[in-house]
Amino acid sequence: MVKIKDSLELVEHLNSITCYVNDTMKELSSEISLYDLQEQDILHFIENKSVGASNMSKLFKLIREVRGKRRKCKNEFMRLQSLSTKLRNKETCLLDTKFEIKDLPNYYDFK
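Using my numbering, you'd call the opening residue of the sequence shown number 18 and step up by one each time.
The hints are simulated quantities; they were obtained by calculation from the structure and are not laboratory data.
You may find that some hints are simply not true.
Stated by the list, open to error - Using C-beta positions, here's what the derived DEER-type ranges look like:
id, residue 1, residue 2, range
1, E29, V68, 54 to 62 Å
2, K86, L31, 13 to 21 Å
3, S74, E29, 48 to 56 Å
4, N39, S74, 25 to 33 Å
5, H30, E64, 26 to 34 Å
6, S99, N32, 13 to 21 Å
7, G85, H30, 31 to 39 Å
8, R96, N65, 36 to 44 Å
9, F62, R88, 33 to 41 Å
10, R105, N72, 42 to 50 Å
Said to hold, decoys possible - Straight-line distance between alpha carbons at most 20 Å, and here's what the computed PhoX-like set of lysine-lysine pairs gives:
id, residue 1, residue 2
11, K75, K43
12, K103, K43
13, K91, K43
14, K75, K91
15, K78, K43
16, K78, K89
17, K75, K86
18, K91, K103
Just so it is clear, CB atoms sit at the ideal spot from N, CA and C, and this is done for glycine as well.
From just these sequences and the hints, can you work out the full model?
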């Protein structure tokens, strides 16, 4: 038997997951922007400076590292974005359900 208290806890748990996903997406978005800026700085350096072959190799390696880190963040962001969309579609239902459950008598059990 599922009790009202259990149902409310489930709704609260799902709400906390939604908040966590949204917060993590904001952090990842900031990281992605930072990597974009780092890449642009490297490209501007290459554009504005005379760079020898050995330094160009180092700069290429640096761009690869920055792009790899950015891709890692972007992949995680996309995964969370998919989850967020699914949760957002259910969010209104969850909030409505929370209030509907709270309005039920405390002694009522779901079978």
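Do the hints match the structure? See the list:
1. For E29 and V68, the Cβ-Cβ distance of about 56 Å falls inside the hinted range of 54 to 62 Å, so the restraint holds.
2. Range check, K86 to L31: about 31 Å between beta-carbon atoms, so the 13 to 21 Å window is missed.
3. Under the hint 48 to 56 Å, the C-beta atoms of S74 and E29, about 54 Å apart, fit the expected range.
4. In this structure, N39 and S74 break the distance hint of 25 to 33 Å, their C-beta atoms being roughly 41 Å apart.
5. A C-beta distance of roughly 51 Å is found between H30 and E64, which places it outside the suggested range of 26 to 34 Å.
6. The hinted window of 13 to 21 Å between S99 and N32 holds, with their beta carbons roughly 19 Å apart.
7. Look at G85 against H30: about 35 Å separates their beta carbons, and that is inside 31 to 39 Å.
8. At roughly 37 Å, the beta-carbon separation of R96 and N65 lies within the given 36 to 44 Å, and the hint holds.
9. Range check, F62 to R88: about 21 Å between beta-carbon atoms, so the 33 to 41 Å window is missed.
10. Between R105 and N72 the beta carbon distance is about 47 Å. The supplied range of 42 to 50 Å therefore holds.
11. Simply put, K75 and K43 have alpha-carbon atoms about 31 Å apart, too far for the 20 Å limit, and the pair is violated.
12. Between K103 and K43, the direct Cα distance comes to roughly 17 Å. Compliance with the 20 Å bound is thereby established for this hinted pair.
13. Restraint check: the Cα-Cα separation between K91 and K43 comes to about 12 Å, which is no more than 20 Å; the hinted pair holds.
14. A distance of roughly 24 Å separates the Cα atoms of K75 and K91; the hinted pair therefore is violated under the 20 Å criterion.
15. Proximity of K78 to K43 is assessed by CA-CA distance (about 28 Å); at most 20 Å being required, the pair is judged violated.
16. For the proposed pair K78 and K89, the alpha carbon gap of about 17 Å is at most 20 Å, so the pair holds.
17. A hinted pair counts as satisfied when its Cα atoms are at most 20 Å apart, and K75 with K86 qualifies at roughly 17 Å.
18. Note on K91 and K103: the hinted pairing holds, with a Cα-Cα distance of about 18 Å set against a maximum of 20 Å.
Of the numbered hints given earlier, the model fails hints 2, 4, 5, 9, 11, 14, 15; all others are met.
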